[in-house]
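Undergrad: Below are the chains, spelled out letter by letter.
2 protein chains.
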Amino acid sequence: MRLASYKPTKSTNNLDGELIVVSQDGRRAASAASIVPSLREAVERWGELEEPLRKLNQALNAGGDCGGAEGTDLGSAAHAANQVSNSFALEPAKLMAALPRSFLFADGSAFIHHIKLVRKARNAPLPETLLTVPLMYQAESGRFLSPTENIPQRDFAHGTDFEGEVGVITDFVPMGISADEAVKKIRLLVLINDVSLRGLIPEELAQGFGFFVSKPAKAVSPFALTPDELGSSWREGRLHLPLQVRLNGQFFGRANAGEMHFHFGDLIAHAAKTRDLAAGSLIGSGTVSNEDASVGSSCLAEKRTIEQIRDGKPSTPFLRDGDRVEIWMEDSSGRDLFGHIDQVVKAVK
Amino acid sequence: MRLASYKPTKSTNNLDGELIVVSQDGRRAASAASIVPSLREAVERWGELEEPLRKLNQALNAGGDCGGAEGTDLGSAAHAANQVSNSFALEPAKLMAALPRSFLFADGSAFIHHIKLVRKARNAPLPETLLTVPLMYQAESGRFLSPTENIPQRDFAHGTDFEGEVGVITDFVPMGISADEAVKKIRLLVLINDVSLRGLIPEELAQGFGFFVSKPAKAVSPFALTPDELGSSWREGRLHLPLQVRLNGQFFGRANAGEMHFHFGDLIAHAAKTRDLAAGSLIGSGTVSNEDASVGSSCLAEKRTIEQIRDGKPSTPFLRDGDRVEIWMEDSSGRDLFGHIDQVVKAVK
Numbered sequence: 044m045r046l047a048s049y050k051p052t053k054s055t056n057n058l059d060g061e062l063i064v065v066s067q068d069g070r071r072a073a074s075a076a077s078i079v080p081s082l083r084e085a086v087e088r089w090g091e092l093e094e095p096l097r098k099l100n101q102a103l104n105a106g107g108d109c110g111g112a113e114g115t116d117l118g119s120a121a122h123a124a125n126q127v128s129n130s131f132a133l134e135p136a137k138l139m140a141a142l143p144r145s146f147l148f149a150d151g152s153a154f155i156h157h158i159k160l161v162r163k164a165r166n167a168p169l170p171e172t173l174l175t176v177p178l179m180y181q182a183e184s185g186r187f188l189s190p191t192e193n194i195p196q197r198d199f200a201h202g203t204d205f206e207g208e209v210g211v212i213t214d215f216v217p218m219g220i221s222a223d224e225a226v227k228k229i230r231l232l233v234l235i236n237d238v239s240l241r242g243l244i245p246e247e248l249a250q251g252f253g254f255f256v257s258k259p260a261k262a263v264s265p266f267a268l269t270p271d272e273l274g275s276s277w278r279e280g281r282l283h284l285p286l287q288v289r290l291n292g293q294f295f296g297r298a299n300a301g302e303m304h305f306h307f308g309d310l311i312a313h314a315a316k317t318r319d320l321a322a323g324s325l326i327g328s329g330t331v332s333n334e335d336a337s338v339g340s341s342c343l344a345e346k347r348t349i350e351q352i353r354d355g356k357p358s359t360p361f362l363r364d365g366d367r368v369e370i371w372m373e374d375s376s377g378r379d380l381f382g383h384i385d386q387v388v389k390a391v392k
Numbered sequence: 044m045r046l047a048s049y050k051p052t053k054s055t056n057n058l059d060g061e062l063i064v065v066s067q068d069g070r071r072a073a074s075a076a077s078i079v080p081s082l083r084e085a086v087e088r089w090g091e092l093e094e095p096l097r098k099l100n101q102a103l104n105a106g107g108d109c110g111g112a113e114g115t116d117l118g119s120a121a122h123a124a125n126q127v128s129n130s131f132a133l134e135p136a137k138l139m140a141a142l143p144r145s146f147l148f149a150d151g152s153a154f155i156h157h158i159k160l161v162r163k164a165r166n167a168p169l170p171e172t173l174l175t176v177p178l179m180y181q182a183e184s185g186r187f188l189s190p191t192e193n194i195p196q197r198d199f200a201h202g203t204d205f206e207g208e209v210g211v212i213t214d215f216v217p218m219g220i221s222a223d224e225a226v227k228k229i230r231l232l233v234l235i236n237d238v239s240l241r242g243l244i245p246e247e248l249a250q251g252f253g254f255f256v257s258k259p260a261k262a263v264s265p266f267a268l269t270p271d272e273l274g275s276s277w278r279e280g281r282l283h284l285p286l287q288v289r290l291n292g293q294f295f296g297r298a299n300a301g302e303m304h305f306h307f308g309d310l311i312a313h314a315a316k317t318r319d320l321a322a323g324s325l326i327g328s329g330t331v332s333n334e335d336a337s338v339g340s341s342c343l344a345e346k347r348t349i350e351q352i353r354d355g356k357p358s359t360p361f362l363r364d365g366d367r368v369e370i371w372m373e374d375s376s377g378r379d380l381f382g383h384i385d386q387v388v389k390a391v392k
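Residue numbers (the working numbering), protein chains in the order written: chain L, 44 to 392; chain U, 44 to 392.
Worth flagging that the hints you see were computed from the coordinates, not collected in a lab.
Please read all numbers here as calculations on a predicted model, not as lab measurements.
A few of these clues could be false.
Which copy is meant is left open, so a pair is good if it fits within one copy or across any two.
As the list claims (entries may be wrong) - EDC-like, lysine to aspartate or glutamate: derived pairs with alpha carbons at most 20 Å apart:
| hint | residue 1 | residue 2 |
| --- | --- | --- |
| 1 | LYS392 | GLU93 |
| 2 | LYS50 | GLU84 |
| 3 | LYS392 | GLU171 |
| 4 | LYS392 | ASP223 |
| 5 | LYS392 | GLU224 |
| 6 | LYS50 | ASP319 |
| 7 | LYS163 | GLU279 |
| 8 | LYS356 | ASP223 |
| 9 | LYS389 | GLU350 |
| 10 | LYS137 | ASP385 |
| 11 | LYS389 | ASP319 |
| 12 | LYS316 | GLU369 |
| 13 | LYS163 | GLU334 |
| 14 | LYS346 | GLU334 |
| 15 | LYS159 | ASP68 |
| 16 | LYS392 | GLU84 |
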């Protein structure tokens, strides 16, 4: 099942958007309004709402191009069939972040190669617990940027960077859960552009409280997928597919997201060590990063560090006004899974 | 105007609670259900809803004990008068946190004396920007503990501590706002118990990403007050009243919350330096702390550090199963403003 959030059609202050179900080919969608208004609310009542949402999804994919669900075997899903008769062509410009906001974005850093590179770049030591305790910080989640929204940049000196990540959206998670049990709490997966302001990080981390102003609003992919949509690529709490990254239309990275040292169950269990996690919490993988240099990178900081090591200084600049970043993921047959994050940097006052 | 959140009366999954308006004497309340379901939603539509909420508040305080609003000059507030005829005796056991959850809790550390003491306690250096850039971290906000809810403690070795704080709830705040303009975005004030796990802080901060597992769920006071409720005690972005703290029924602190080095406008502007803040964001002062030792402390860590300096070792233990913490604030006439945070530590698995 692929879920997404449409910008509100009414002139209401609806910051959660309107939940839609998206067809397998990504071309059509049906409103879930008669089931639940938004994805945030759907995840908060997942136990009760997953089944009607899946019925709507089946009807949408069986019904084809807006022709209703006649002739399909939907059992008692007459309600779903009715909704699908109102299916519509998906308009990408109307898409918000799949999950427009969340009460928690806990962003891990599960790719050890990334940690080694970025710490080398700022001459910071590696933590002693590098391989045993996940790095994690709590990030902005009050409004995720839509997948095609500009990345606002107040100051070029902030060193704007992108970070391509995989994220999972959880059900309610009780404090003290094990990593194995935590994997079972994953309801949806998304891609994330964890925008980072590298120029602000050294001073902020020197204060001792971690990231805050150096981690502004992030973008989330157009579609959120249930794990079953990913087939065997989703196993052992990891998504074993390359994350595609393009900068200004050029190849930048295709690092495999399956090479996480900590899997998502580990990250969720760490986040829930001393607190319950609200339903709808987003847990990020951290920048997808592989040791194999031929696959490129998922952020500028890594590329710059590699250049520094090789050439004595970085040659790739941080993002500038007008730069375009694309992040997406395809399955082994080339099918686009989450839709494209496709953002342009825009200077603002 | 004093606002609060009642536990949902229906068996719905209402994590935001039900907004009520509380009388000046704290004994009666009226449901705001016909205006807006919850405080979270009220703050998201404050420009439109403040006036009807204030009318309801006027009617409640004029109408006295459930007798309606006859004889009062409420203008067109017939609607409010009708609601007040349904006012009821406030039942403290039904109160949630005034704001039960928020998309952002950005907790500052605006009392320099507190920073000096706790850093001394863990032999950590003071940041070079101590007096110029606020310390701030993003904290758990997916569910605030109710004011009388147990503080869950998984492990005594975690070093459970309380931290008495003042917090402000903001309207939408645009990125890049000035400190002066930011003060104008404050819609409500609350008290906070920022529960902290001192035993987990050194290892976590050594990782370099700041607090996460060392800062579990916090409690928020029963009532949220509009700034005008505080009279001249609220000025220059600071609340100039002592924060009362009692541990197991004994005096623990009465430090004045007005001695913030950074005022709330500074803290909001810092939080919004590189991002918009969602309406309903909670900004914390950090532990209220004064240089005058006679006023005591608002957390155990400070008291332990003072003991360490005086005696060579701390004698006050961290919180234990059954310990009771009370945090409240009175105006100069002794009137209780925010209601009492009154929590007991409870060992859990």
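Undergrad: Does each hint fit the structure? Answer for all of them.
TA: Hint check results:
no.: 1; hint: LYS392 to GLU93; verdict: neither (43 Å within a copy, 30 Å between copies)
no.: 2; hint: LYS50 to GLU84; verdict: both (16 Å within a copy, 18 Å between copies)
no.: 3; hint: LYS392 to GLU171; verdict: neither (41 Å within a copy, 28 Å between copies)
no.: 4; hint: LYS392 to ASP223; verdict: between (47 Å within a copy, 18 Å between copies)
no.: 5; hint: LYS392 to GLU224; verdict: between (46 Å within a copy, 16 Å between copies)
no.: 6; hint: LYS50 to ASP319; verdict: between (30 Å within a copy, 19 Å between copies)
no.: 7; hint: LYS163 to GLU279; verdict: neither (30 Å within a copy, 44 Å between copies)
no.: 8; hint: LYS356 to ASP223; verdict: neither (43 Å within a copy, 41 Å between copies)
no.: 9; hint: LYS389 to GLU350; verdict: neither (26 Å within a copy, 53 Å between copies)
no.: 10; hint: LYS137 to ASP385; verdict: within (14 Å within a copy, 47 Å between copies)
no.: 11; hint: LYS389 to ASP319; verdict: between (37 Å within a copy, 15 Å between copies)
no.: 12; hint: LYS316 to GLU369; verdict: neither (34 Å within a copy, 26 Å between copies)
no.: 13; hint: LYS163 to GLU334; verdict: within (15 Å within a copy, 41 Å between copies)
no.: 14; hint: LYS346 to GLU334; verdict: within (12 Å within a copy, 48 Å between copies)
no.: 15; hint: LYS159 to ASP68; verdict: neither (39 Å within a copy, 59 Å between copies)
no.: 16; hint: LYS392 to GLU84; verdict: neither (35 Å within a copy, 29 Å between copies)
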